[in-house]
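Same order as they appear, the protein sequences are chains Y and Z. Each step along the first sequence adds one to the number in our numbering, with nothing skipped, and position 154 is 154. Each step along the second sequence adds one to the number in our numbering, with nothing skipped, and position 27 is 27.
Rather than coming from a laboratory, the hints here were simulated on the basis of the structure. All values reported here derive from a predicted model rather than from experimental measurement. From the three backbone atoms N, C-alpha and C, an ideal C-beta is built for every residue, glycine too. Be aware that a few hints might be false.
Here chain Y is said to cover these stretches of chain Z; the calculated rule only asks that three of the stretch's residues, wherever they fall, bring their Cβ under 8 Å from a Cβ of chain Y [stated by the list, open to error]: (1) 5 to 19; (2) 126 to 134; (3) 138 to 146.
With a cut-off of at most 27 Å between alpha-carbon atoms, the simulated DSSO-like pairs for lysine-lysine come out as follows [said to hold, decoys possible]: (4) Y:K88 x Z:K80; (5) Z:K9 x Z:K161; (6) Y:K147 x Z:K166; (7) Z:K5 x Z:K166; (8) Y:K147 x Z:K5; (9) Y:K145 x Z:K80; (10) Y:K88 x Y:K147; (11) Y:K32 x Y:K88; (12) Z:K9 x Y:K148; (13) Y:K147 x Z:K9; (14) Z:K161 x Y:K148; (15) Y:K29 x Y:K88; (16) Z:K5 x Z:K161; (17) Z:K165 x Z:K5; (18) Z:K5 x Y:K148; (19) Z:K80 x Y:K148; (20) Z:K165 x Z:K9; (21) Y:K147 x Z:K80; (22) Z:K166 x Y:K32; (23) Z:K80 x Z:K161; (24) Z:K166 x Z:K9; (25) Y:K145 x Z:K9.
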Amino acid sequence: MRIQFRLLIWGLLLILLNLMNLLPSLVAKIGKKELAGISYLIFSPFCHQISSRSFHLWEVQLAVCCRCTGIYLGLLLGIIFFIIFSPKISQLALVPILIMVGDGLANWLGLVSSPSWLRFTLGLGFGFVGGWLLGTGFSQLEALKEKKWQTRNIT
Amino acid sequence: MANQKYYLKIFLLVGLGIGILSSAPILSLGNCCCLWSIAGGIFSAWLLCRWAEEPVDYGQGTLVGLFSGLVGGIIFSFFKALSFYLNPSSLKYSLEQSFEFRGMEPPPELEQFLEQLTSALAHPLWIVLITSFFSLLIFAIMTTLGGVLGVLIFEPRFAVKRTMKKTPQPTVSETKPTPPEPSEKTELYFPRKEKEEE
Numbered sequence: 001m002r003i004q005f006r007l008l009i010w011g012l013l014l015i016l017l018n019l020m021n022l023l024p025s026l027v028a029k030i031g032k033k034e035l036a037g038i039s040y041l042i043f044s045p046f047c048h049q050i051s052s053r054s055f056h057l058w059e060v061q062l063a064v065c066c067r068c069t070g071i072y073l074g075l076l077l078g079i080i081f082f083i084i085f086s087p088k089i090s091q092l093a094l095v096p097i098l099i100m101v102g103d104g105l106a107n108w109l110g111l112v113s114s115p116s117w118l119r120f121t122l123g124l125g126f127g128f129v130g131g132w133l134l135g136t137g138f139s140q141l142e143a144l145k146e147k148k149w150q151t152r153n154i155t
Numbered sequence: 001m002a003n004q005k006y007y008l009k010i011f012l013l014v015g016l017g018i019g020i021l022s023s024a025p026i027l028s029l030g031n032c033c034c035l036w037s038i039a040g041g042i043f044s045a046w047l048l049c050r051w052a053e054e055p056v057d058y059g060q061g062t063l064v065g066l067f068s069g070l071v072g073g074i075i076f077s078f079f080k081a082l083s084f085y086l087n088p089s090s091l092k093y094s095l096e097q098s099f100e101f102r103g104m105e106p107p108p109e110l111e112q113f114l115e116q117l118t119s120a121l122a123h124p125l126w127i128v129l130i131t132s133f134f135s136l137l138i139f140a141i142m143t144t145l146g147g148v149l150g151v152l153i154f155e156p157r158f159a160v161k162r163t164m165k166k167t168p169q170p171t172v173s174e175t176k177p178t179p180p181e182p183s184e185k186t187e188l189y190f191p192r193k194e195k196e197e198e
């Protein structure tokens with residue numbers, strides 16, 4: 001149960017991150033547009049935030065681009081998936097990651113120009129596997145800590 | 001538990017790298033889509049797998065990734081806070097830029113809002129603290145992801161190398177003992193041999 005509890009905390013932090021992404025649109029809806037600046041400022045070092053490559057909700061641009069929106073949402077979904085099903089990870093998990101990296105490289109080199117929905121979908125796949133990996137990592141970290149405690153108690 | 005001695009070295013080495021790369025003027029552009037954070041996490045896992053004497057699991061990858069990200073995030077936040085502290089008007093400028101960059105007019109209430117916020121929070125440094133918290137969170141998540149990903153990619157390869165190193169290989173001296181050279185002089189005394197020579 002403790003493993004689930006710690007993962008829930010990470011899940012809550014990811015919900016907070018997704019809410020920060022939606023903040024500009026939410027605050028614009030209640031007429032406090034100036035608050036959006038903080039959200040844009042937070043994510044500016046981590047995302048290009050180009051308007052044409054970002055989603056707009058209620059005519060206000062979200063804090064990050066389509067791909068990053070997909071990644072953050074995918075991370076949350078991946079953690080929830082791990083909490084519910086706890087599946088084992090395999091090397092096949094690398095496939096969505098490699099596809100997104102390939103798409104990112106192709107766009108960066110100017111070979112293709114992926115539409116927003118594709119960027120979002122590939123980001124979602126990357127994020128989902130990422131959330132699954134995070135879940136696996138944190139649950140094993142907990143097991144590692146318990147093992148250490150047991151060794152300490154024996155000695 | 002034998003891998004534990006490498007943790008601190010990895011945290012500091014990778015954390016410093018991530019922090020500097022994310023803060024440096026031109027290099028920081030590489031942090032777009034969290035490239036430096038994820039790459040840093042993968043690198044920390046690679047270092048751990050390379051130096052480790054015992055098998056590395058996802059938990060250890062998570063640990064090195066998480067703490068490398070936290071160290072990197074602290075360094076990044078420090079430089080960010082320092083730039084705001086040395087040039088307080090840069091915070092307002094950054095906020096205005098964030099609107100103009102999107103083709104939006106900065107709302108006229110922005111200045112008033114900043115004043116309100118400053119008076120409410122007593123110091124503009126609170127804004128820096130809020131942004132630093134989220135920066136740390138993003139760094140921590142992305143480097144942890146990189147750490148687990150690194151273990152998934154590199155551990156199978158390094159595990160094979162580790163097993164080969166541990167298995168003792170039969171050497172020539174063990175299989176076939178070399179006889180002493182016939183011309184070699186020994187300190188042993190052979191009286192019959194001396195008589196024969198005479």
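Against the structure, the hints:
1. As drawn, the segment 5 to 19 of chain Z meets chain Y at 0 residues by the rule of a beta-carbon pair under 8 Å; below three, the given contact is violated.
2. For the segment 126 to 134 of chain Z, the stated coverage by chain Y holds: 4 residues have a C-beta nearer than 8 Å to a C-beta of that chain, and at least 3 were required.
3. Coverage of the segment 138 to 146 of chain Z by chain Y holds. Counting CB-CB distances below 8 Å, 4 residues qualify, and the rule asks for three or more.
4. Our distance criterion of 27 Å between C-alpha atoms is broken by K88 of chain Y and K80 of chain Z, whose separation comes to about 39 Å.
5. At most 27 Å may separate the alpha-carbon atoms for a hinted pair to count; K9 of chain Z and K161 of chain Z meet this at roughly 22 Å.
6. Restraint check for K147 of chain Y and K166 of chain Z: satisfied, since their Cα atoms lie roughly 24 Å apart, inside the 27 Å limit.
7. For a cut-off of 27 Å, the pair hint linking K5 of chain Z to K166 of chain Z stands: about 20 Å separates their Cα positions.
8. Restraint check for K147 of chain Y and K5 of chain Z: satisfied, since their Cα atoms lie roughly 17 Å apart, inside the 27 Å limit.
9. Taken as a hint, the K145 of chain Y and K80 of chain Z pair is broken in the structure, with Cα atoms around 34 Å apart against an allowance of 27 Å.
10. Between K88 of chain Y and K147 of chain Y the alpha-carbon distance is near 20 Å, which keeps this suggested pair within the 27 Å criterion.
11. Proximity of K32 of chain Y to K88 of chain Y is assessed by CA-CA distance (about 45 Å); at most 27 Å being required, the pair is judged violated.
12. For the hint pairing K9 of chain Z with K148 of chain Y, the CA-to-CA distance comes to about 20 Å; that is within 27 Å, so the pair holds.
13. Restraint check: the Cα-Cα separation between K147 of chain Y and K9 of chain Z comes to about 23 Å, which is no more than 27 Å; the hinted pair holds.
14. Distance restraint check for K161 of chain Z and K148 of chain Y: the Cα-Cα separation of roughly 26 Å lies within the 27 Å cut-off, and the hinted pair is therefore satisfied.
15. A threshold of 27 Å between alpha carbons decides the hint, and for K29 of chain Y with K88 of chain Y the separation of about 42 Å lies outside it, so the pair is violated.
16. A distance of roughly 20 Å separates the Cα atoms of K5 of chain Z and K161 of chain Z; the hinted pair therefore holds under the 27 Å criterion.
17. Restraint check: the Cα-Cα separation between K165 of chain Z and K5 of chain Z comes to about 20 Å, which is no more than 27 Å; the hinted pair holds.
18. As the CA atoms of K5 of chain Z and K148 of chain Y are separated by approximately 14 Å, the hinted pair is consistent with the 27 Å bound.
19. At roughly 37 Å between alpha-carbon atoms, K80 of chain Z and K148 of chain Y are farther apart than 27 Å, so this suggested pair is violated.
20. Only pairs whose Cα atoms come within 27 Å are accepted, and K165 of chain Z paired with K9 of chain Z is accepted, the gap being roughly 23 Å.
21. Using a Cα cut-off of 27 Å, the hinted pair K147 of chain Y and K80 of chain Z is violated, with the two alpha carbons roughly 39 Å apart.
22. Restraint check: the Cα-Cα separation between K166 of chain Z and K32 of chain Y comes to about 64 Å, which exceeds 27 Å; the hinted pair is violated.
23. Between K80 of chain Z and K161 of chain Z, the direct Cα distance comes to roughly 42 Å. Violation of the 27 Å bound is thereby established for this hinted pair.
24. Using a Cα cut-off of 27 Å, the hinted pair K166 of chain Z and K9 of chain Z holds, with the two alpha carbons roughly 24 Å apart.
25. Annotation: proposed proximity of K145 of chain Y to K9 of chain Z holds, straight-line Cα distance about 20 Å (limit 27 Å).
Hints 1, 4, 9, 11, 15, 19, 21, 22, 23, counting from the list given before, are not met by this structure.
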